[in-house]
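Protein chains: 2
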Amino acid sequence: MATKVSSGNDPWSAWSSSKSGNWDSTDGWGAKPEGAAAQRNTSNNWDTAFGHPQAYQGPATAGDDDDWDEDWDDPKAAAPYFKDSEAAEAGAAQRGNSRAGSSSMKLPLNKFPGFAKPGMEQYLLAKQLAKPKEKIPIIVGDYGPMWVYPTSTFDCVVADPRKGSKMYGLKSYIEYQLTPTNTNRSVNHRYKHFDWLYERLLVKFGSAIPIPSLPDKQVTGRFEEEFIKMRMERLQAWVTRMCRHPVISESEVFQQFLNFRDEKEWKTGKRKAEKDELVGVMIFSTMEPEAPDLDLLEIEQKCDAVGKFTKAMDDGVKELLTVGQEHWKRCTGPLPKEYQKIGKALQSLATVFSSSGYQGETDLNAAITEAGKTYEEIAGLVAEQPKKDLHFLMECNHEYKGFLGCFPDIIGAHKAAIEKVKESDKLVATSKITPQDKQNMVKRVGTMSYALQAEMNHFHSNRIYDYNSVIRLYLEQQVQFYETIAEKLRQALGRFPVM
Amino acid sequence: MATKVSSGNDPWSAWSSSKSGNWDSTDGWGAKPEGAAAQRNTSNNWDTAFGHPQAYQGPATAGDDDDWDEDWDDPKAAAPYFKDSEAAEAGAAQRGNSRAGSSSMKLPLNKFPGFAKPGMEQYLLAKQLAKPKEKIPIIVGDYGPMWVYPTSTFDCVVADPRKGSKMYGLKSYIEYQLTPTNTNRSVNHRYKHFDWLYERLLVKFGSAIPIPSLPDKQVTGRFEEEFIKMRMERLQAWVTRMCRHPVISESEVFQQFLNFRDEKEWKTGKRKAEKDELVGVMIFSTMEPEAPDLDLLEIEQKCDAVGKFTKAMDDGVKELLTVGQEHWKRCTGPLPKEYQKIGKALQSLATVFSSSGYQGETDLNAAITEAGKTYEEIAGLVAEQPKKDLHFLMECNHEYKGFLGCFPDIIGAHKAAIEKVKESDKLVATSKITPQDKQNMVKRVGTMSYALQAEMNHFHSNRIYDYNSVIRLYLEQQVQFYETIAEKLRQALGRFPVM
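If you read the protein sequences in the order shown, they are chains B and D. full-length UniProt numbering puts the first residue of the first sequence at 1, with every later residue one more than the last. full-length UniProt numbering puts the first residue of the second sequence at 1, with every later residue one more than the last.
Don't read these hints as lab results, they were simulated from the structure. Heads up, some of the hints might be wrong.
In silico SDA-like links for lysine to any residue, alpha-carbon gap of 25 Å or less [what the hints assert, rightly or not]: (1) D:387 with B:180; (2) D:311 with B:357; (3) D:341 with B:476; (4) D:488 with B:370; (5) B:373 with D:360; (6) D:387 with B:357; (7) B:308 with D:388; (8) D:488 with B:311; (9) B:373 with D:477; (10) B:387 with D:354; (11) B:488 with D:481; (12) B:329 with D:340; (13) B:329 with D:333; (14) D:341 with B:326; (15) B:311 with D:360; (16) D:388 with B:187.
Just some of the chain B residues that point at chain D, by a computed CB distance under 7 Å [stated by the list, open to error]: (17) 316; (18) 320; (19) 338; (20) 352; (21) 392; (22) 433; (23) 465; (24) 470; (25) 473; (26) 479; (27) 489; (28) 493; (29) 494; (30) 499.
A virtual CB, placed ideally from N, CA and C, is assigned to each residue, including glycine.
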């Protein structure tokens with residue numbers, strides 16, 4: 001169907017070798033460190049002169065105009081997450097590698113070296129799972145398993161960044177104003193706070209829910225103004241997407257991010273979130289599907305189906321992005337140039353004609369000149385059109401590419417759990433675990449499956465809405481575009497004398 | 001204004017060095033033999049895979065499926081035209097070089113070596129010009145000097161070529177059927193007869209009237225069917241153009257070409273035409289302007305103005321041809337490909353979507369599929385459009401390029417005559433010629449000027465009509481084209497469910 005776009009880091013490459021051992025590796029940390037988060041950072045190959053401005057390019061580098069140190073009042077807060085309790089190193093690691101190494105890779109050491117995904121062993125095999133304070137219900141509706149959608153929803157408006165400063169103006173940084181539509185009370189956040197929020201969400205929910213990367217922080221190279229505008233749009237889209245998710249929007253970390261009242265509350269909330277132990281695969285322990293137990297075959301089938309679909313959609317989305325980029329280049333480069341040349345050639349001819357000395361051709365020459373100018377106008381319209389239609393189609397596909405890039409991780413976790421259950425018979429036979437332990441495992445993997453299905457329902461429902469909207473918009477704009485050109489040409493035609 | 005297209009043989013290169021001695025050369029035969037006729041054979045750079053089929057490429061080669069010998073029952077008929085009275089050589093020369101060396105170059109030796117253009121000396125200095133049987137009147141109307149247009153005009157329909165044969169089928173050739181609209185009686189001519197007619201017209205009228213080349217005889221390479229169709233169109237255009245000219249349409253040679261009743265009449269007519277001595281510059285001796293004498297300054301000014309205009313228009317026409325060819329290539333190659341890719345990418349996506357297992361998206365996916373197919377249809381429309389609009393604009397410009405390529409010759413003859421008049425004072429002073437001789441010269445150059453002005457009026461009047469028509473047609477087609485696309489997209493849009 002689609003030709004795979006060769007991008008540097010293909011999230012699907014590890015995944016499609018489909019060895020059950022993908023997530024098991026002797027170093028105890030999991031598969032290739034380039035796995036999860038780096039895969040999410042796949043650049044989208046748009047950084048060309050004529051192309052769409054750059055997407056997310058990689059982690060923020062340390063030592064930019066923000067001073068990270070101040071935000072980490074207690075570096076030890078990071079300690080439980082690292083094998084190495086050297087806080088400074090932790091701080092530095094966190095600063096420098098907040099994305100290069102996924103936090104999910106640096107989470108607590110596993111007791112059983114075979115379990116790569118943090119919390120996998122704990123989740124599957126703990127005798128009793130602690131009753132979580134926060135519960136994430138899953139119900140079964142007309143379309144199958146679903147998250148529970150809140151009765152009242154909210155969005156959050158991200159306003160243009162402005163410069164803030166501290167230390168009497170010695171340090172300055174860019175602040176974004178966020179205004180939730182339910183409170184109308186604004187909060188300010190620097191970009192690195194978004195980075196932090198992304199980390200938290202990824203760590204907490206990333207095994208169940210696709211958390212796409214943030215737009216690029218650094219604005220490099222030319223078209224700076226365009227990039228800033230683009231990044232704002234994408235940050236807004238990201239925030240809106242989080243607000244639209246029934247689980248994420250109601251989560252404590254997200255709520256606090258949007259509703260903290262003062263610096264103290266912000267710092268307290270931060271520390272609390274960083275200490276949260278119900279992260280990684282343990283998130284599933286907060287879920288309670290009101291649904292019958294699933295058998296392993298069904299669980300595996302559903303998991304495979306999701307893997308297959310998300311991979312195929314990833315291909316399809318990339319095909320559309322590739323073709324869209326080519327089209328963007330053509331529409332903003334060679335094509336308008338050609339219309340310009342046609343326009344100029346017609347005007348040249350009219351100028352020559354005007355020098356003939358022959359009477360009675362003034363009207364004709366004026367008409368030819370106007371036709372030439374019309375083609376120059378058309379050139380302008382052609383060059384500007386992609387911003388009105390193709391842009392949104394590209395943005396939508398870009399966003400979904402981000403989502404889809406999260407699934408190898410999610411599917412990987414599910415498959416790893418399924419494999420563990422498959423191996424559990426052996427463990428029962430060798431009395432490593434009890435039959436009740438195995439039963440628990442099946443039930444818990446069943447919970448994971450329900451969560452996956454609920455998330456897929458959410459994903460599909462949004463996908464359908466989003467693609468319907470964006471393709472409609474594209475076609476509406478295209479219709480207007482061609483009609484506008486036809487009208488201009490009709491006007492140009494009307495100037496020609498009838499002979 | 002325009003960037004000059006670099007074509008192999010630029011008719012303007014000899015002309016723009018504007019030395020009065022252009023037409024004088026020590027060999028007595030005139031300037032560069034590649035001058036006139038070869039310049040007319042400028043290929044139009046269209047022979048590319050995506051481009052417009054080839055235009056005229058050069059003279060017919062000897063030894064094709066027609067046997068020239070039979071048409072030259074009396075090779076000596078060619079003799080008066082050649083210094084070398086060797087008939088066989090004349091025959092061979094005529095066969096092989098009917099265009100490579102312009103007949104105007106091989107016409108009677110001049111008595112005065114300084115006169116290059118055949119008949120120039122005779123025309124300017126003969127004591128008494130024989131009263132010609134055929135007279136070409138020039139009158140002065142509202143727009144200045146004009147040919148006298150016949151009250152009833154005619155066109156001539158050129159029908160598709162068919163195979164004819166002789167010698168009991170041993171020899172076969174392609175015949176065209178010509179049907180003048182005033183007689184409705186058809187005659188048949190092989191392509192070489194057209195070549196012959198072209199030669200005759202060029203020789204007889206070429207110093208006063210632009211006689212453009214015929215379309216290419218040989219059909220080479222790929223797209224043979226397209227070429228044959230193109231050539232037919234161009235042959236028809238050429239014939240129509242001749243019918244439209246008040247002088248050429250009424251000329252004996254043209255009339256005989258269209259109205260001969262049998263083979264005998266054809267051969268008799270051919271010989272008569274070949275023996276015609278009122279050729280080259282002597283054609284002006286058949287013209288009688290009913291108008292006051294002109295002074296040399298005015299004559300020179302008018303001549304320069306024509307040279308300037310035709311050169312400028314040649315540049316403008318070439319600019320349009322160049323840009324049109326690029327556009328043709330783009331519209332029949334890369335652009336449709338891109339629309340196809342867009343179409344296919346949309347359909348791919350719809351296919352993926354259909355595999356989601358999610359209910360309630362059938363309509364959406366059908367709509368996306370149809371949108372994809374619509375873009376494939378649009379690709380087809382884009383690829384086919386140039387044949388409907390750009391084609392005619394190109395053909396018109398191509399035709400005018402042919403006309404304009406004739407002017408260096410015409411202007412050259414006029415300038416040479418003007419130079420001779422300028423030198424005549426000296427000749428009077430040295431008693432080489434009498435004052436009456438000089439007066440005759442001025443009057444005769446005045447006749448040439450009136451002829452040039454009459455021809456320019458004809459040229460301009462046609463130019464205005466032709467360009468008005470073809471640009472109108474182009475714009476009309478373009479309007480329809482864009483409206484069609486808009487309508488198709490609107491239909492595609494209508495299939496999307498409203499959510």
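Each hint, compared with the structure:
1. Proposed proximity of residue 387 (chain D) and residue 180 (chain B) is contradicted: the alpha carbons are some 58 Å apart, above 25 Å.
2. Restraint check: the Cα-Cα separation between residue 311 (chain D) and residue 357 (chain B) comes to about 15 Å, which is no more than 25 Å; the hinted pair holds.
3. Among the hinted pairs, residue 341 (chain D) with residue 476 (chain B) is consistent with the structure: their alpha-carbon atoms are about 20 Å apart, no more than 25 Å.
4. Note on residue 488 (chain D) and residue 370 (chain B): the hinted pairing is violated, with a Cα-Cα distance of about 28 Å set against a maximum of 25 Å.
5. Simply put, residue 373 (chain B) and residue 360 (chain D) have alpha-carbon atoms about 49 Å apart, too far for the 25 Å limit, and the pair is violated.
6. Annotation: proposed proximity of residue 387 (chain D) to residue 357 (chain B) is violated, straight-line Cα distance about 34 Å (limit 25 Å).
7. A hinted pair counts as satisfied when its Cα atoms are at most 25 Å apart, and residue 308 (chain B) with residue 388 (chain D) does not qualify at roughly 47 Å.
8. Annotation: proposed proximity of residue 488 (chain D) to residue 311 (chain B) is violated, straight-line Cα distance about 32 Å (limit 25 Å).
9. Taken as a hint, the residue 373 (chain B) and residue 477 (chain D) pair is honoured in the structure, with Cα atoms around 18 Å apart against an allowance of 25 Å.
10. A C-alpha spacing of about 29 Å is found between residue 387 (chain B) and residue 354 (chain D), which places the hinted pair above 25 Å, so the restraint is violated.
11. Distance restraint check for residue 488 (chain B) and residue 481 (chain D): the Cα-Cα separation of roughly 13 Å lies within the 25 Å cut-off, and the hinted pair is therefore satisfied.
12. Of the pairs offered as hints, the one joining residue 329 (chain B) and residue 340 (chain D) holds, with about 16 Å between alpha carbons and a cut-off of 25 Å not exceeded.
13. For the hint pairing residue 329 (chain B) with residue 333 (chain D), the CA-to-CA distance comes to about 16 Å; that is within 25 Å, so the pair holds.
14. Restraint check for residue 341 (chain D) and residue 326 (chain B): satisfied, since their Cα atoms lie roughly 10 Å apart, inside the 25 Å limit.
15. The suggested pairing of residue 311 (chain B) with residue 360 (chain D) holds, with an alpha-carbon distance near 21 Å, which does not exceed 25 Å.
16. Between the alpha carbons of residue 388 (chain D) and residue 187 (chain B) the distance comes to roughly 61 Å, so the proposed pair goes past 25 Å and is violated.
17. The beta carbon of residue 316 (chain B) comes within 4 Å of a beta carbon in chain D, closer than 7 Å, and the hint placing it at the interface holds.
18. A hinted interface residue such as residue 320 (chain B) counts as satisfied when its beta carbon comes closer than 7 Å to some beta carbon of chain D; here the least separation is about 4 Å, so the hint holds.
19. A distance limit of 7 Å between C-beta atoms decides the matter here; for residue 338 (chain B) the minimum to chain D is near 6 Å, and the interface restraint holds.
20. Of the supplied interface hints, the one on residue 352 (chain B) holds, with its beta-carbon coming within about 4 Å of a beta-carbon of chain D, less than 7 Å.
21. Checking residue 392 (chain B) against chain D by beta carbon gives a least distance of about 15 Å; that is not within 7 Å, so the hint is violated.
22. Against a cut-off of 7 Å between C-beta atoms, the interface hint on residue 433 (chain B) is violated, since the closest Cβ of chain D lies about 34 Å away.
23. Below 7 Å, beta-carbon pairs count as interface contacts, and residue 465 (chain B) has one with chain D at about 6 Å; its hint therefore holds.
24. Checking residue 470 (chain B) against chain D by beta carbon gives a least distance of about 11 Å; that is not within 7 Å, so the hint is violated.
25. With a least beta-carbon distance of about 10 Å to chain D, the hint placing residue 473 (chain B) at the interface is violated under the 7 Å criterion.
26. A hinted interface residue such as residue 479 (chain B) counts as satisfied when its beta carbon comes closer than 7 Å to some beta carbon of chain D; here the least separation is about 5 Å, so the hint holds.
27. The restraint placing residue 489 (chain B) at the interface with chain D holds, with a minimum CB-CB distance near 5 Å, inside the 7 Å limit.
28. Hint status for residue 493 (chain B) relative to chain D: holds, with the closest Cβ pair at about 4 Å, below 7 Å.
29. Of the supplied interface hints, the one on residue 494 (chain B) is violated, with its beta-carbon coming no nearer than about 9 Å to a beta-carbon of chain D, more than 7 Å.
30. Satisfaction of the interface hint for residue 499 (chain B) is found here, the shortest Cβ-Cβ separation to chain D being roughly 5 Å, below the 7 Å cut-off.
The structure fails to meet hints 1, 4, 5, 6, 7, 8, 10, 16, 21, 22, 24, 25, 29 from the earlier list, while all remaining hints are met.
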